[in-house]
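Chains as they are written, first to last, in the working numbering: chain L, 1 to 169; chain S, 1 to 187.
It should be emphasised that the hints constitute simulated quantities derived from the structure, not laboratory data. One should not assume that every hint holds.
[To be verified] Within a straight-line C-alpha distance of at most 20 angstroms, the following computed SDA-like cross-link-like pairs (lysine to any residue) qualify:
(1) 96/L with 157/S
(2) 59/S with 37/L
(3) 60/S with 41/L
(4) 60/S with 104/L
(5) 60/S with 34/L
(6) 112/L with 158/S
(7) 38/L with 66/S
(8) 162/L with 50/S
(9) 96/S with 112/S
(10) 59/S with 33/L
(11) 92/L with 20/S
(12) 109/L with 158/S
(13) 96/L with 20/S
(14) 38/L with 59/S
(15) 60/S with 98/L
(16) 91/L with 104/L
(17) 38/L with 65/S
[Unchecked claim] Sample of chain S residues at the chain L side, in silico, Cβ under 8 angstroms:
(18) 8
(19) 9
(20) 25
(21) 63
(22) 68
(23) 72
(24) 73
(25) 138
(26) 144
(27) 151
Glycine included, C-beta positions come from ideal geometry on N, C-alpha and C.
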Amino acid sequence: MENKTTEHANPVDFEVRSLDTMCVNESELVHPWWYNFKYAAVGVIFGIVFIKAEIISWFRIQEMFRLQSFHMYGVIGTAVVVGAISVFIIKKFKIKSIHGEEITFTDKKFNKGQIIGGLIFGLGWALTGACPGPLFAQVGTGAFVILVVVLSATAGTWVYGKFRDQLPH
Amino acid sequence: MMETITQPWPWYTAGIIIGLIVPALLILGNKHFGISANLRHACAACLPSNIPFFSYDWKKESWNFFFVGGILVGGIISTLYLGSDEAVIVHPDLAKELATYGITDFSGMVPAQLFSFESLFTLRGLVMMIGGGFLVGFGARYAGGCTSGHAIMGLSDLQWPSLVATICFMIGGFVMANFILPFILHL
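The shape of chain L in the complex, shown without the other chains (with noise of 0.2 angstroms):
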């Protein structure tokens, strides 16, 4: 299904995607497509627990960055004693996937885009009331016009890509 041999022989290609989140630590098994689908039902649960708790709200947004609302603070700040937890305990007993594949991590470097881009994003952030995850899941409550923030969002990445090389880095 995928041309595997190239992907791996083009180091280029592997510096491109590891500056980024995304996976470098590449599945070498090769499964029928509709196996994405376990992913789409972590999703499902990810667009429930968004909306329930309001994450996705634009007024509990707001009240974060006044400092008026502790909501925010605990969702964030327990998903990453969770999450870190979780990551300690895989990599201390070496825990396999389902398809029995080591799981691996990527050491992050650091570089001026988190701090710049940071920066950037953050605004983005206040003024939209979302982040990526959260724009879907508006969409999925009907706000169909949040299409256009979407639409804006992809614009802004290809915009970052277009110019990588004049960024300060």
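Let chain L serve as the given structure and place chain S on it in line with the hints.
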């Protein structure tokens, strides 16, 4: 039981479930939690234009499209079947401040007075939706991830560059919400 589900969920319930998404994706297939990468995959799939940053086999990342597709479906299910149509309870200080800009409708997650097709053609709507979206997409990729990739996945893996990114997300958000947004809302 059903009553508990239809009520808004407390932060700890949400935090625990979101935290568990990290090991769920790892155990299901060695996948790292990160949503904004989808925007890059969409560029790579639709408009790579020979840009090196978009020249890779995006099909290998298609699991992530399924993941965000699931988020969208989760939004639909939640709205149709698990919903409470009650207005979001807004902090009185915020409600008072927003009222000065004419925002008084707190019925939805997304304030209809700010985000709608009609307001898209006003200066305020344009800045908030097109401008805000652009900053989110550009900034997330420049930073190498968004709230999920850095703040949750990165911090869970104790990556200090992710901590730097997360702190900068928060600084940017504070500056926008407290110092810039009031001017934009006045537009």
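Evaluated hints:
1. 96/L with 157/S: holds, 17 angstroms
2. 59/S with 37/L: holds, 15 angstroms
3. 60/S with 41/L: Answer holds: residue 60/S to residue 41/L is near 19 angstroms, not above 20 angstroms.
4. 60/S with 104/L: OK: residue 60/S and residue 104/L at ~17 angstroms, within 20 angstroms.
5. 60/S with 34/L: Judged against 20 angstroms, a Cα distance of about 13 angstroms means the pair holds.
6. 112/L with 158/S: Distance ~19 angstroms between residue 112/L and residue 158/S Cα, so the pair holds.
7. 38/L with 66/S: holds, 8 angstroms
8. 162/L with 50/S: Distance ~9 angstroms between residue 162/L and residue 50/S Cα, so the pair holds.
9. 96/S with 112/S: holds, 17 angstroms
10. 59/S with 33/L: Since the Cα atoms of residue 59/S and residue 33/L sit roughly 10 angstroms apart, the hinted pair holds (cutoff 20 angstroms).
11. 92/L with 20/S: holds, 17 angstroms
12. 109/L with 158/S: Status holds; Cα separation ~12 angstroms.
13. 96/L with 20/S: holds, 16 angstroms
14. 38/L with 59/S: holds, 17 angstroms
15. 60/S with 98/L: Distance ~19 angstroms between residue 60/S and residue 98/L Cα, so the pair holds.
16. 91/L with 104/L: holds, 9 angstroms
17. 38/L with 65/S: Holds, at about 12 angstroms.
18. 8: OK, holds: residue 8/S within 8 angstroms of chain L, min 6 angstroms.
19. 9: Interface hint status for residue 9/S: holds (4 angstroms vs cutoff 8 angstroms).
20. 25: Holds - the Cβ of residue 25/S comes within 8 angstroms of chain L, reaching about 6 angstroms at its closest.
21. 63: Since chain L brings a Cβ to about 5 angstroms from residue 63/S, closer than 8 angstroms, the hint holds.
22. 68: Hint holds; residue 68/S Cβ to chain L Cβ min 5 angstroms, cut 8 angstroms.
23. 72: holds, 4 angstroms
24. 73: Since chain L brings a Cβ to about 5 angstroms from residue 73/S, closer than 8 angstroms, the hint holds.
25. 138: This interface hint holds because 4 angstroms falls under the 8 angstroms limit.
26. 144: At about 5 angstroms, which falls below the 8 angstroms cut-off, the nearest Cβ of chain L leaves the hint on residue 144/S intact, so it holds.
27. 151: holds, 6 angstroms
The structure agrees with every numbered hint stated previously.
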